[in-house]
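> Please assemble the complex out of the two chains, which come individually in their own frames, going by the hints.
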Amino acid sequence: MAKGGTATDLALSGLTKVFGTATVVDRVTLRIAAGEMVALLGPSGCGKTTTLRMIAGLVEPTKGEVLIGGYRITRVPSHRRNIGMLFQNYALFPHMSVAANVAFGLQMRGMAKALIQPKVASALALVQLGDYAERLPSALSGGQQQRVALARAIVIEPSLLLLDEPLGALDRNLRESMQVEIRQIQQRLGITAVMVTHDQEEALTMADRVVIMRDGRLEQVGTPAEIYSRPTSRFVASFIGASNFLRGSVAGRNGDQLQVQLASGGQVLVPSADGGRSEILISVRPEAVGLRRIGETPSASESGTPATVQQIVYRGQTTHVHMRLDDGEPFVAFLPNRQGEQAKTFSAGEKVWASWSSQSNWPVADS
Amino acid sequence: MAGRLSGGGGAAVYTMAAATLVFVAAPLAVVVALSFSEGALATFPPVGFTTAWYEAVIANEEFQNAFMVSVLLALAATATSFALGVPAAYALDRWPVPGARMIEAALLSPFILPILITGLALLQFLAAMKMRDAAVNLFIGHVLVTLPYLVRTVTASLKQVDRSLEEAATTLGAAPWQVFWRVTVPQIVPGIAAGCLFAFMVSFDDFPISFWLGDAETMPLPIFLHSSMSKVFDPSITAMSSLMILTGILAVIGLEKLVGLRRAMSV
Numbered sequence: 001m002a003k004g005g006t007a008t009d010l011a012l013s014g015l016t017k018v019f020g021t022a023t024v025v026d027r028v029t030l031r032i033a034a035g036e037m038v039a040l041l042g043p044s045g046c047g048k049t050t051t052l053r054m055i056a057g058l059v060e061p062t063k064g065e066v067l068i069g070g071y072r073i074t075r076v077p078s079h080r081r082n083i084g085m086l087f088q089n090y091a092l093f094p095h096m097s098v099a100a101n102v103a104f105g106l107q108m109r110g111m112a113k114a115l116i117q118p119k120v121a122s123a124l125a126l127v128q129l130g131d132y133a134e135r136l137p138s139a140l141s142g143g144q145q146q147r148v149a150l151a152r153a154i155v156i157e158p159s160l161l162l163l164d165e166p167l168g169a170l171d172r173n174l175r176e177s178m179q180v181e182i183r184q185i186q187q188r189l190g191i192t193a194v195m196v197t198h199d200q201e202e203a204l205t206m207a208d209r210v211v212i213m214r215d216g217r218l219e220q221v222g223t224p225a226e227i228y229s230r231p232t233s234r235f236v237a238s239f240i241g242a243s244n245f246l247r248g249s250v251a252g253r254n255g256d257q258l259q260v261q262l263a264s265g266g267q268v269l270v271p272s273a274d275g276g277r278s279e280i281l282i283s284v285r286p287e288a289v290g291l292r293r294i295g296e297t298p299s300a301s302e303s304g305t306p307a308t309v310q311q312i313v314y315r316g317q318t319t320h321v322h323m324r325l326d327d328g329e330p331f332v333a334f335l336p337n338r339q340g341e342q343a344k345t346f347s348a349g350e351k352v353w354a355s356w357s358s359q360s361n362w363p364v365a366d367s
Numbered sequence: 001m002a003g004r005l006s007g008g009g010g011a012a013v014y015t016m017a018a019a020t021l022v023f024v025a026a027p028l029a030v031v032v033a034l035s036f037s038e039g040a041l042a043t044f045p046p047v048g049f050t051t052a053w054y055e056a057v058i059a060n061e062e063f064q065n066a067f068m069v070s071v072l073l074a075l076a077a078t079a080t081s082f083a084l085g086v087p088a089a090y091a092l093d094r095w096p097v098p099g100a101r102m103i104e105a106a107l108l109s110p111f112i113l114p115i116l117i118t119g120l121a122l123l124q125f126l127a128a129m130k131m132r133d134a135a136v137n138l139f140i141g142h143v144l145v146t147l148p149y150l151v152r153t154v155t156a157s158l159k160q161v162d163r164s165l166e167e168a169a170t171t172l173g174a175a176p177w178q179v180f181w182r183v184t185v186p187q188i189v190p191g192i193a194a195g196c197l198f199a200f201m202v203s204f205d206d207f208p209i210s211f212w213l214g215d216a217e218t219m220p221l222p223i224f225l226h227s228s229m230s231k232v233f234d235p236s237i238t239a240m241s242s243l244m245i246l247t248g249i250l251a252v253i254g255l256e257k258l259v260g261l262r263r264a265m266s267v
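Chains as they are written, first to last, in this note's numbering: chain A, 1 to 367; chain B, 1 to 267.
Treat the hints as calculated values from the structure; they're not laboratory data. Possibly wrong hints are sitting among the right ones.
Part of the chain B face toward chain A, derived, beta carbon under 10 angstroms [stated by the list, open to error]:
#1 Asp-133
#2 Gln-160
#3 Ser-164
#4 Leu-165
#5 Ala-174
#6 Ala-175
#7 Val-179
#8 Arg-182
#9 Pro-186
#10 Gln-187
#11 Val-189
Please read these numbers as outputs of a predicted model, since none were measured by experiment. All residues carry an ideal CB built from backbone N, CA and C; glycine is no exception.
Next comes chain B alone, as it looks inside the complex (with noise of 0.2 angstroms):
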């Protein structure tokens, strides 16, 4: 470790640091407080201890059905991502493709323009092409949203990887496929599951595209989430919070497990 920060510079750092802490762990704890608490409402301060909560979410089938959706969409769009992302990163970085700079922004583009905005889009140009399946729809919108991300770390990996190392390998006799498997890959492997973990985390918690594209039978768990919210603000909707940050939290401890974490985010 470095040296610690001292001085008047220090003390605001770790200010700052303690502040950021507190403002995005803070507000999470609440929530998972209260999905314990015995009162009829979410209120705050949490009263009593009881697990009824979550027994009664689980037995949900609306949740369990919006739960299934929302991990299957993620799913499904984070490994369609990884599919596209991949390769266009490496032709885009790698080839001399006509455009690339534009393909690139054209690839980016979802990270700037306003998602609820792009959804609204998405949502007219599919009912204009007569495209009405929900499932569909949403699978559409999400790997639209999910595939930058992939783009971005493979993109920034690629970078990073030594060229050399795949001269090496080109002169002891690897073929261009044989260089990009056997060199190149292992040495983007962080990236990839970076972006897949972000892909991930975007599309399990997307809001902004589900809210126009899911309907009534294929609602992922955001969306049903906040129509439950308008009926009744009970603590069964903090539980349902709750169980979205502990899936949050297993995709890092997979993606930790696998690849490393601190690997992973030095992209």
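Next up, chain A with everything else stripped away, as it sits in the complex (with noise of 0.2 angstroms):
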């Protein structure tokens, strides 16, 4: 399969979909570009699905527009919309073949059979299921069947691929080394894609972008590093990965760092080109906490509170000390376990210093 030289940009435009009295996708507006692989991440219910759906054509959108490649599509019927998609329960017909799952969509093209056969072959081969040809789709595994579907679906040369919680219904394991495989053949043939996923870390593995997506609304579009060291506010830093947070009210300007008084004792410097501010709530993800015996005296570059530790959970990597500050919030740190190397012991009831460093305070909107 040749990779496609016409690889093609979606616009959503102002996109909304309103059912009865609820508006499930208010406004959604999203550039993405040519080969690009966006991930659309949220709770369940926050449209994620439906927008997805308003691309595809499945579902009409009550205002705004779609647009693939600059033209407008959105009162173009789903079947002329030349897109490839993967459902969550593989959605492969049961009564054909598995050629003739891949088949179909070149028949609805009207293509010449003898042209079909080495298309639908080498679509197969791509997915590594060349010797499945003959088989019914209820004779293959779960992970088998979704690489039918990606077969299907690219064969068409689509202009954009969908996929709708593809990976939901596989295991784990088997989950993790899909991810990589669709993501390879999705860059290797340089289609756009859109993906929805309430899974973070797939979002993250597999997206160049991700979009996290609430009540509607986009909350917040990044890059995968972006979204995670960069959240901008409390529901995405505590949706991708695990987050503390600390309150804090500011008490002076040092250069483009604010200086700030935590509500659970210590001042730390936080980055911030908003001085407007007095209260502020600040985001420290738990892996970059360290924690010293009270008394040990921190560095000068570091940002600290002092915590009772309450309880310690052993997890293989990492170990979790979950604790309670001052002012009665909950504070986490993920301590890395190093093969062979003594962990500094904790105990619970035990006063510690946890601390990080200044790198890792990011303000977050406390919404």
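Structure below.
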């Protein structure tokens, strides 16, 4: 299969869907570059699936436009949009062989049988299922079925690949290898792709950019690293990975940093362009936090706050130390377990000094 | 197979099942047994063994006529119910038809209304319309009572079709009619087949509609059977009955060969 030289970009403009009185998708505007893979991520009911279905043409938008390659396709029926779509339940035609499933889209395009056969064969070879052409879908495992669905979706050389929770029904190990496989094929063919998932790891692993949706709106759009290390809101910070939140009041300014007095005790520096606020919420990732016994002197570049150990959970790669701050808020540290190295041991009830690099302080909106 | 039922509850279930089987199958067995009796009257137990009654029945032109009327009527009613019922069920299930529930209830109403009364009402209506052709009237009446079976089974199978299959076909470029023929229909074939079998048997076996709408020339088999019985109750009646049972069995075997009975009855 040749690399598609005709990758197309996708644009959503003010896309809105109202069901009855509920606005499920609310003025979503987004540009997706040609060949890019974007993941729509959010809790159930956030409107991500409805957004995908509007792109597919399976749901009609109440307002707004969908543009593929600059062409407005909002009123184009689904079967003329040239899209490939993967469904969570694979949606293979149970009465057709694997080869017939893959050939279906080409037949619908009126392609001659002699041309269809080699295309089906190479699509099945691409997903490593060349030997399964004559089987019925029911004779395949879940992972194999989804690979057939992938072959069926890409053999038509779609302008757009849409993935609706494609790996949700697979077990964890298989899911991870399928994530890599789908991503490789998508990149190799240079297909523009939009994926819906509620699995943050999947979004971070597979997508060039992640779109966090909440209550039908875009909450934050960015690369996986931006979303993870620079969350804009408490919602994003706690939805992607785990996060500690510290309340503080601005005590002063130091260049482009704010001096913040923590409610739990201790002073920290926070990068901020916005100096107008007096109250601030800071996100600190648990893996950034180290623990010292009270009395050990912290270094000057570190931020920190006193805490009381509540529970210690050994997790293999890391040990999670759950604490409570002096203002009553929870705080957690993920300490790495390095093989052969004696880990610091703490016990429940012990007073400790939780500290982290000042670069790990990140202000977020309290919403 | 799941585990066997055991204990007092299990015994009760097995007894009930056995009793049901006896009450369904035993009378039929009696009828078939009597059809081979050498006695002059159809009385149990049968005497001796003869196929003379069958020879007489099959040679009887009135029986031949009635049998043909019933078979043709059942085939015509089934085909028409198929042609009307499948699109009706599809439209009711998939399209935003105004008053869909009312229409469905109306189509299914012969299930609920007493058929004898439906037949009588139809007779009066057709008479008022000055329609006197018994064949046409029977055809209309039989479609009326067989259509609900198609609507019911096809609607039930449409509800079980995985909609994402249709959506997948759509995204792959299939127009709505292609989605219907290539994807939806193969999923509902068992339901259609079961509906057609029910329709055929209901029509072939129908008494209450034919009772009002038939006449001396166009007399379906059940009516012929009834009128013969009131003349003389000899084993030829049981031979005719056995041939009707055989027709039913052949229809079931035909369905089994066509789509597999287990699949068809799973709707």
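> Let me know if the C-beta of Asp-133 (chain B) comes in closer than 10 angstroms to any C-beta of chain A, holds or violated.
violated, 43 angstroms
> Using the nearest Cβ pair, does Ser-164 (chain B) come within less than 10 angstroms of chain A?
holds, 4 angstroms
> Is the shortest C-beta separation between Val-189 (chain B) and chain A less than 10 angstroms?
holds, 9 angstroms
> Quick check on the hint: Val-179 (chain B) CB to chain A CB, less than 10 angstroms?
For Val-179 (chain B), the interface hint holds, since the closest Cβ of chain A sits about 8 angstroms away, which is under 10 angstroms.
> Would you settle whether the hint for Gln-187 (chain B) is holds or violated, based on the nearest Cβ-Cβ distance to chain A being less than 10 angstroms?
holds, 7 angstroms
> Restraint: Arg-182 (chain B) near chain A, CB-CB cut 10 angstroms. Satisfied or not?
For Arg-182 (chain B), the interface hint holds, since the closest Cβ of chain A sits about 7 angstroms away, which is under 10 angstroms.
> How about Pro-186 (chain B): closest beta carbon in chain A under 10 angstroms, or not?
holds, 4 angstroms
> Hint check: is the beta carbon of Ala-174 (chain B) less than 10 angstroms from a beta carbon of chain A?
holds, 5 angstroms
> May I ask you to test the interface hint for Ala-175 (chain B) with respect to chain A, counting a Cβ-Cβ separation under 10 angstroms as satisfied?
For Ala-175 (chain B), the interface hint holds, since the closest Cβ of chain A sits about 6 angstroms away, which is under 10 angstroms.
> For the hint on Leu-165 (chain B), does the least C-beta distance to chain A fall short of 10 angstroms?
holds, 5 angstroms
> Should the interface hint for Gln-160 (chain B) be scored as holding, given a Cβ-Cβ cut-off of 10 angstroms against chain A?
violated, 12 angstroms
Checked against the numbered hints above, the structure breaks hints 1, 2 and satisfies the rest.
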